[in-house]
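> Protein chains in written order, with the working numbering: chain U, 437 to 565; chain S, 91 to 683.
Some hints here could point you the wrong way.
[Unchecked claim] Interface residues of chain S toward chain U, partial, derived using beta-carbon atoms under 8 Å: (1) Leu135; (2) Leu142; (3) Ile143; (4) Thr645.
I should point out that these hints are in silico values taken from the structure, not numbers from a laboratory.
Backbone N, C-alpha and C fix where the C-beta goes; we use that ideal spot for every residue, glycine too.
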Amino acid sequence: MNLEKVVFGFFVVLAATLNFGFFIGDLGDPELHNVYELFAAVVVNLIATVLKFGDRTQIGAVHLATSLVASLQLIAAAVVWTWASHVSGAGLTPEATASVVSLSGGALFANVVSVVLLVVETVSFQQRR
Amino acid sequence: MANPLLDHWYRLLAGRSRRQHHDGEEQPLPDLAGEQATAGILLVLRRMRVPLIVLILIFAVSVLGLTLVPGVDAEGHPARLSIFDAFYFMSYTATTIGFGELPYPFTDAQRMWVTASIFLSVIGWAYAIGSLLSLLQDRAFRRAVDRRMFGRKVAHLADPFWLLVGYGETARRIARSLDDLGYRFVVLERDEERVASVDLDDYLADAPAYAGDARSTATLALAGLGHPRCEGVLALSESDDVNLDVAMTTALVRPRLPVIAQTGSAEIEERMHAFGSPEVINPLDRFGDHLRILYRSPAAYQLLGWLTSAPGSPLPARRSPVPPGRWLVCGYGAFGRDVTADLRAEGVDVTVVEGDPVPGTSERFEAEALEAAGLARAAAFVAATDNDMTNLWLVEQARRINPGAFLVARQNKSGNATLYESVGVDLEMVRADVVAHEVLARLAHPALMGFLSRVPGMGEAWAAAMVHTLVERCGTSTPYLWRVALTAEETPALAPWLAGGGVPLADLMRSPQGRDHSLAAVPLALERDGEVTTGPSGEEVLREGDLLLLAGRATARRSLAATLFQETTAAYVIDDRTVPSTWLWRRLSRASR
Numbered sequence: 437m438n439l440e441k442v443v444f445g446f447f448v449v450l451a452a453t454l455n456f457g458f459f460i461g462d463l464g465d466p467e468l469h470n471v472y473e474l475f476a477a478v479v480v481n482l483i484a485t486v487l488k489f490g491d492r493t494q495i496g497a498v499h500l501a502t503s504l505v506a507s508l509q510l511i512a513a514a515v516v517w518t519w520a521s522h523v524s525g526a527g528l529t530p531e532a533t534a535s536v537v538s539l540s541g542g543a544l545f546a547n548v549v550s551v552v553l554l555v556v557e558t559v560s561f562q563q564r565r
Numbered sequence: 091m092a093n094p095l096l097d098h099w100y101r102l103l104a105g106r107s108r109r110q111h112h113d114g115e116e117q118p119l120p121d122l123a124g125e126q127a128t129a130g131i132l133l134v135l136r137r138m139r140v141p142l143i144v145l146i147l148i149f150a151v152s153v154l155g156l157t158l159v160p161g162v163d164a165e166g167h168p169a170r171l172s173i174f175d176a177f178y179f180m181s182y183t184a185t186t187i188g189f190g191e192l193p194y195p196f197t198d199a200q201r202m203w204v205t206a207s208i209f210l211s212v213i214g215w216a217y218a219i220g221s222l223l224s225l226l227q228d229r230a231f232r233r234a235v236d237r238r239m240f241g242r243k244v245a246h247l248a249d250p251f252w253l254l255v256g257y258g259e260t261a262r263r264i265a266r267s268l269d270d271l272g273y274r275f276v277v278l279e280r281d282e283e284r285v286a287s288v289d290l291d292d293y294l295a296d297a298p299a300y301a302g303d304a305r306s307t308a309t310l311a312l313a314g315l316g317h318p319r320c321e322g323v324l325a326l327s328e329s330d331d332v333n334l335d336v337a338m339t340t341a342l343v344r345p346r347l348p349v350i351a352q353t354g355s356a357e358i359e360e361r362m363h364a365f366g367s368p369e370v371i372n373p374l375d376r377f378g379d380h381l382r383i384l385y386r387s388p389a390a391y392q393l394l395g396w397l398t399s400a401p402g403s404p405l406p407a408r409r410s411p412v413p414p415g416r417w418l419v420c421g422y423g424a425f426g427r428d429v430t431a432d433l434r435a436e437g438v439d440v441t442v443v444e445g446d447p448v449p450g451t452s453e454r455f456e457a458e459a460l461e462a463a464g465l466a467r468a469a470a471f472v473a474a475t476d477n478d479m480t481n482l483w484l485v486e487q488a489r490r491i492n493p494g495a496f497l498v499a500r501q502n503k504s505g506n507a508t509l510y511e512s513v514g515v516d517l518e519m520v521r522a523d524v525v526a527h528e529v530l531a532r533l534a535h536p537a538l539m540g541f542l543s544r545v546p547g548m549g550e551a552w553a554a555a556m557v558h559t560l561v562e563r564c565g566t567s568t569p570y571l572w573r574v575a576l577t578a579e580e581t582p583a584l585a586p587w588l589a590g591g592g593v594p595l596a597d598l599m600r601s602p603q604g605r606d607h608s609l610a611a612v613p614l615a616l617e618r619d620g621e622v623t624t625g626p627s628g629e630e631v632l633r634e635g636d637l638l639l640l641a642g643r644a645t646a647r648r649s650l651a652a653t654l655f656q657e658t659t660a661a662y663v664i665d666d667r668t669v670p671s672t673w674l675w676r677r678l679s680r681a682s683r
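So here's chain S without its partners, still in its complex pose:
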């Protein structure tokens, strides 16, 4: 119920800032609070108008009639009920309470009238209550209530949260990992059944979910895009257009908010980059990179897969090295082209087999064509079409013709996972898997991406040693990642060492429970003046301003925090000295010195 005049003035005054473009400025979002609050109530009031009027009329006619019908008092004198008596009688009769308490017994004329009014009022009540109940079942009403509840839940979120657009296979895995990592999230998904499944998925923290169109800015605002605790947006819907819209809206409205978006098309990726700087994940493209890493070093592939898997996942088995030789790629769509380009960049000899284009479906292949392309002598085979049945057939053919070949297959539908399993391939490209790893790498820690991109270049031996150290110190489930900045604010207890000769990394990593043992953590990378050392050695001496990326158990993080914050612990861990912790003892020990 906005005042049109006020609204006009507001627009006139606010209009001055219209011209300013999105140069890092946060734009106001549509305010939906007032509209939400009244939508449900207004709907109830409007639908209940007729039933309520019917009820009032029936009541009025019954009461009026009862006062007019002649009656007699105890002595037989003619007496009529007063309006109050009639109202009282109708109140307990119409609501079927039926006290049976009256001033005088009714005459037959009064009884006739009462009979009629009882039937009337029962109809009136049934009508009113029926309308109210059917209104509660009403779709429009339920949606209005859902929207309001969702908006209220999101507005009252006090913890930092991520806005998750889409709730398909991939998004679900991300949601599970977010929950495990202790992040809150809000789900916005078009499909109502999927929204209902958010409740069934049983997350530790309450996850508000709403079935709505993420392409509307108002819905995004409702889901907390303008919320001060919103950490970022994950556009993981299956539709590229929706992801593009979400990325663009976020870039325009909240330019500083991080966006991670998935897309299967290079064109959409380009358009996303036109607005702001979202992290775009193209699983078809990224898989080629993963393949390159595996080709170069199976241990690096294992390490990357492990560090970017959901919390608590076991260490994945190390894959056997890819045999050197010629590769055969079947299917030359966007995915096939990417894989081919990536392999050629790695210096691999690749032969591409294109199928005959069949209108309306995917490519079709002849067994003879595969043999003609030299499948029997190929080292590896990639089934890269966008049809699962074709891929399965291709894998089967490849196995028959060349049993020793390394088999790679693209899995398009998650429902076909068991089929691929029973066929048995060496490496599967599963879209949800690739996206999940990529998103987690970006979510876990901003510093992690810098480390991960350096791992493939470190060589097989280094990666294998790193995996070995990590397993030895932290066990085989996914380590926890965190970063420590060696500054006066974050590591006050280290100030004396940092001001002096620095702290040897190996000493810092000793356990406060016993300095002969090492913490259950491994330093992954050391950043100094913008230069990153991957896997710094124990002899490395830490200086003020260094950034350390660590992987380890959560308990190790707490122990390390004790070293970084408590001077006495730091003195014990680094120098094996016992420093008095209270003021009095400190005074005394200084006096005795």
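Chain U with its partners taken away, still in its complex shape:
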């Protein structure tokens, strides 16, 4: 067992699960989407991105690309949430909630690609130790 792989897999999967947890539920209902979950998703995605730095392989490059996409989408979602709840004055309207959640949905897609890559990498791994 390789501890590096454990940490790597843990963060990649956790990024996807947190993202999924925030995304699921009625698109426009602010009650169903906890902002702390969004916060956690942003943080874990950033960590996952940094973990993928400096890998020379082709699969490593795609890994980094998907993570960058997910992070950017989630940060965009966080900015929209901040704007809606702090700046606009109208609070979290169904429209604002919908745009936050759909942005996180885009990130979810990138995270799913990341998990698929992780699985592919694991399956094609030759060294059984």
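Here the structure of chain U is known, so what remains is to put chain S in place on it, guided by the hints.
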């Protein structure tokens, strides 16, 4: 990040040309651009992974804690900071900017948490910035950056340049001359201190230098071996093996590129010739030839030394003729053997004194052995061992026993130059000197070598007259050399004369500023149908297709170019006629005729 599949197909398709050998075909060089571009960035990213994750975690924990710790608003109602407020607060606190702007004053519980997070974030930042700074100092990182910078500089060279391998005593002198002649060059040297000294040597043009192993093809490629503006390779490293590798690599990869390589061993010289046709300079061997020239004619020796010295060097003093008689050569290594063979070929009676071989060091000599060999009656004495201290001792002994003898000594280390100077010898063999002259002779002009090899055969009087003419017309600093081909492309203004009876050389050499004066240039050689006339006389009539090698001031070259390109100047200089230069006047003068 090459795609393995594409790479495979590429190899499969490119594999067809594998069999073709180096019959004048240029071979592709390894492409290093992609690898270079990412090496430095990848290193930064990999080393910064842990510090960045620590920073993200500290930030996340601080922000999360700040939103959870209970606080109160202005009216005393319980209120918590939102994630945005907490993020904003941590951003200006953790980066030590400290606005102090808050929605509400903090409660004690919040203050406790903020205190803890301030300490945490300071540690996090210190760690991250410290890692980044130490990475910038890191050797591996610096080398990656240096390599990239060097590769970029070389790739962007727009002028023709020479690739200089090695930056020792000799190479440095060549580099200075290249710079003076207006050539660019790239330096590849193993020793980092020497590479650093390239910057300090203060060249007119920027000289990219890199500390790397010239034996690797990838490094040579990085230094511009595959560059379209690369004029040639100068393998002047102190190591014969490196020079051999460079000569071989160049011959295989770029067969048409000229190579000038130095070596001290005949065996390596032979191996260099096995691949392509490099110009190999063996200073130990060449010195014997120089000695022969001096023996035959001191003026020819002076002329050759002057024409092949660095630009701007003064005219070297003419050496006194070598006294005729028996020579004594001390030390019978590779150098001693070469000198002896060369002298014997010149018809000189040579006695060789071999020392007692001492294991681990050079030969040892006894004063008695020198006397027994007849030093007292010898005309000249050569100290030819590969040890400077032994040579100095030999010279001292020779002077004591035979004060009138002509003394020749081999100097092995450049650091001992002052010792040789204080001992005082008539002729010194300095490796760097010999190589510098030989390289410059090959660099200055391809036609020069053909001329130089003929000079010793012309005799003392001819050489002395040539030196006199050169000094009279061009002054005492090294003349500039160039070649003129009398063809329709290169000398369009001479077309009417070349088509007619030809141009007398003396008339061509008149100055456009006043035809009673001669240009500050001297024709060294005239090549016609493959035959070379050394020092052509003024009565020589030039014809179409002639090649003229000239020596003179740079201003003379510009003046001569005016004669060769402008019909009006040519008419004035050659025939003392004034030809109207504009179309209208030409029409009018033709009408009036």
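> Quick check on S:Ile143 please, does its C-beta sit within 8 Å of some C-beta on chain U?
5 Å, holds
> Go through the hint on S:Leu142 and say holds or violated, using the shortest Cβ distance to chain U against 8 Å.
5 Å, holds
> When the nearest CB of chain U is found for S:Thr645, is that gap smaller than 8 Å?
58 Å, violated
> Would the stated hint for S:Leu135 survive a check requiring a Cβ distance to chain U of less than 8 Å?
4 Å, holds
In summary, the structure is inconsistent with hint 4 from the numbered list given earlier, while agreeing with all the others.
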